[in-house]
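**Student:** Order-wise, the sequence lines are chains A and B. Residue numbers for the first sequence follow full-length UniProt numbering, so the first one is 1 and each next one is one higher. Residue numbers for the second sequence follow full-length UniProt numbering, so the first one is 1 and each next one is one higher.
Just so you know, the hints here were simulated from the structure itself, not pulled from any lab data. A few of these clues could be false.
Stated by the list, open to error - Only pairs whose alpha carbons sit at most 27 Å apart, straight line, appear in this in silico DSSO-like list of lysine-lysine:
(1) A:K165 / A:K126
(2) B:K54 / B:K217
(3) A:K62 / B:K107
(4) A:K104 / B:K113
(5) B:K94 / A:K52
(6) B:K94 / A:K29
(7) B:K94 / A:K33
(8) A:K53 / B:K135
(9) B:K183 / A:K52
(10) A:K62 / B:K135
(11) B:K113 / A:K112
(12) A:K62 / B:K94
(13) A:K53 / B:K128
(14) A:K112 / B:K54
As the list claims (entries may be wrong) - Now the in silico label distances, taken between C-beta atoms and shown as ranges:
(15) A:H203 / B:K189: 55 to 65 Å
(16) A:H203 / B:D203: 54 to 64 Å
(17) A:K187 / B:K189: 50 to 60 Å
(18) A:E207 / B:K189: 49 to 59 Å
Glycine included, C-beta positions come from ideal geometry on N, C-alpha and C.
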Amino acid sequence: MADEVVLLDFWPSPFGMRIRITLAEKGIKYEYKEEDLRNKSPLLLQSNPVHKKIPVLIHNGKPICESLIAVQYIEDVWSNRNPLLPSDPYHRAQARFWADYVDKKVYDLGRKIWTSKGEEQEAAKKEFVEALKLLEEQLGDKTYFGGDNFGFVDIALVPFYTWFKAYETFGNFNIESECPKFIAWVKRCLQKESVSKSLPDPHKVYEFVVEIRKRIGIE
Amino acid sequence: MVEEAKVLLLGSRFSMFGMRAKIALAEKGIKYEYMEEDLTNKSPLLQEMNPIHKKIPVLIHDGRPICESLIIVEYIDMVWHSNYPLLPSDSYHKAQARFWADFVDQKVYHASKRVWISEGDEQEVAKKDFLQSLKQLEWFLGDKPYFGGDTFGFVDVALIPFYCWFYTYETFGNFKVEEVCPKLISWAKRCMQKESVSETLADGNDVYEAVVDYKKKFISN
Chain A
1 MADEVVLLDF
11 WPSPFGMRIR
21 ITLAEKGIKY
31 EYKEEDLRNK
41 SPLLLQSNPV
51 HKKIPVLIHN
61 GKPICESLIA
71 VQYIEDVWSN
81 RNPLLPSDPY
91 HRAQARFWAD
101 YVDKKVYDLG
111 RKIWTSKGEE
121 QEAAKKEFVE
131 ALKLLEEQLG
141 DKTYFGGDNF
151 GFVDIALVPF
161 YTWFKAYETF
171 GNFNIESECP
181 KFIAWVKRCL
191 QKESVSKSLP
201 DPHKVYEFVV
211 EIRKRIGIE
Chain B
1 MVEEAKVLLL
11 GSRFSMFGMR
21 AKIALAEKGI
31 KYEYMEEDLT
41 NKSPLLQEMN
51 PIHKKIPVLI
61 HDGRPICESL
71 IIVEYIDMVW
81 HSNYPLLPSD
91 SYHKAQARFW
101 ADFVDQKVYH
111 ASKRVWISEG
121 DEQEVAKKDF
131 LQSLKQLEWF
141 LGDKPYFGGD
151 TFGFVDVALI
161 PFYCWFYTYE
171 TFGNFKVEEV
181 CPKLISWAKR
191 CMQKESVSET
201 LADGNDVYEA
211 VVDYKKKFIS
221 N
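Looking at chain A on its own, in the form it has when it is part of the complex (with noise of 0.2 Å):
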């Protein structure tokens, strides 16, 4: 019986490429379903009702929301290739911490620097710096946050590159200059083909950044 699976995503979604990347380090056929988000598919409605939200993994008609919880999924059935997720319990939850941090202070604060002016956004940017100099430093020397194997936390967290340039642009500083291992891990992660392969050119990520910003009213 071959599996039927559908990701429902929107392409500069950091929680959809987190899909994206999983499906492909496990090399999972899927058809990719692209949603325009001020026009919800009654696929989208019916699939992810309590949230209404992208991304959405429907593995043979049943959905799995949330990114974090549906690159678990996949891990758990198909766990027979390429394990992204330490089998020991303490490295677990030291995996499933980490990534809870990106979803906690990554995406907010980033957003924040976009969408604010002034002290807030300085704030936001100082924040922004030093959560990911905390990242950095549980890294350490590590190729990737899972040891030698790419894993859980770079997952979560690589997606998030394609903003930076936006970050970098509307907040006026380089991310690069201030967390250079950061960056080196980045592009460590881009020689992966199911990493290179699954992130939009942050150029595009930039150019819709503007589109939003303009219509939003920001400055």
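Please arrange chain B on chain A, whose structure you already have, making use of the hints.
**Tutor:** Frame of chain A, contents of chain B only:
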């Protein structure tokens, strides 16, 4: 060997997140040492074990810390997997359980906090959001005795601690959860029949008194 290693839980009396960890440990029959944290004067141990967020609960197993309540519950479930599993073994149902536990964190918690902290229009919006989130959980519960199905499980653990805060929300917000979500109250009473729950949840009146006190001290009107 694992079962003999020391287990220590740093928590705080009225924290629903700490209660999740306590219920999970009790369900599994794990002996542990409990340390009450004064959140206005955090212990060096807490700051060392959770340097990132400096929050409770923190589970310290054999000297190693695990932070974030749902991560702690999953860790407990994985390490002591043979006693009373909390997460379903089926991948899809496991994902559903994680989804709804995350829903409690994303929706129920934040709305509930606004109910007792805010006033006027803001409070009305918070009440509406809070009750809406409970109704959505009721919908997911359906006719099952527990969110875990026939047995008490992960989502039940995630949600039941909020029950001892209902009196606080209802008093500040001037509403009754039972009038809007009777099935959920039936579910809560069913959970309270379990020793792991009844021995863990704080008394609703004590929670209320503590919140009144907290508001007087830290939140200016």
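**Student:** Hint by hint, say whether it matches the structure.
**Tutor:** Consistency of the hints with the structure:
1. Note on K165 (chain A) and K126 (chain A): the hinted pairing holds, with a Cα-Cα distance of about 17 Å set against a maximum of 27 Å.
2. At most 27 Å may separate the alpha-carbon atoms for a hinted pair to count; K54 (chain B) and K217 (chain B) meet this at roughly 21 Å.
3. Proximity of K62 (chain A) to K107 (chain B) is assessed by CA-CA distance (about 23 Å); at most 27 Å being required, the pair is judged to hold.
4. Note on K104 (chain A) and K113 (chain B): the hinted pairing holds, with a Cα-Cα distance of about 18 Å set against a maximum of 27 Å.
5. With a CA separation close to 21 Å, the supplied pair K94 (chain B) and K52 (chain A) stays within the 27 Å bound.
6. Restraint check: the Cα-Cα separation between K94 (chain B) and K29 (chain A) comes to about 23 Å, which is no more than 27 Å; the hinted pair holds.
7. With a C-alpha separation of about 25 Å, the suggested pairing of K94 (chain B) with K33 (chain A) holds against the 27 Å cut-off.
8. Distance check on the hinted pair: K53 (chain A) and K135 (chain B) sit about 19 Å apart at the alpha-carbon level, within 27 Å; holds.
9. The straight-line distance between the Cα atoms of K183 (chain B) and K52 (chain A) is roughly 25 Å, inside the 27 Å bound, and the hint therefore holds.
10. Restraint check for K62 (chain A) and K135 (chain B): the C-alpha separation of about 22 Å stays at or below 27 Å, so the hint holds.
11. Proposed proximity of K113 (chain B) and K112 (chain A) is supported: the alpha carbons are some 23 Å apart, at most 27 Å.
12. The suggested pairing of K62 (chain A) with K94 (chain B) holds, with an alpha-carbon distance near 13 Å, which does not exceed 27 Å.
13. Only pairs whose Cα atoms come within 27 Å are accepted, and K53 (chain A) paired with K128 (chain B) is accepted, the gap being roughly 21 Å.
14. Using a Cα cut-off of 27 Å, the hinted pair K112 (chain A) and K54 (chain B) holds, with the two alpha carbons roughly 23 Å apart.
15. At about 58 Å, the beta-carbon gap between H203 (chain A) and K189 (chain B) stays in the expected band of 55 to 65 Å.
16. Between H203 (chain A) and D203 (chain B) the Cβ separation comes to about 59 Å, which falls inside the hinted range of 54 to 64 Å.
17. With their beta carbons about 56 Å apart, K187 (chain A) and K189 (chain B) fall inside the hinted range of 50 to 60 Å.
18. In this structure, E207 (chain A) and K189 (chain B) meet the distance hint of 49 to 59 Å, their C-beta atoms being roughly 56 Å apart.
In summary, the structure agrees with every hint in the numbered list given earlier.
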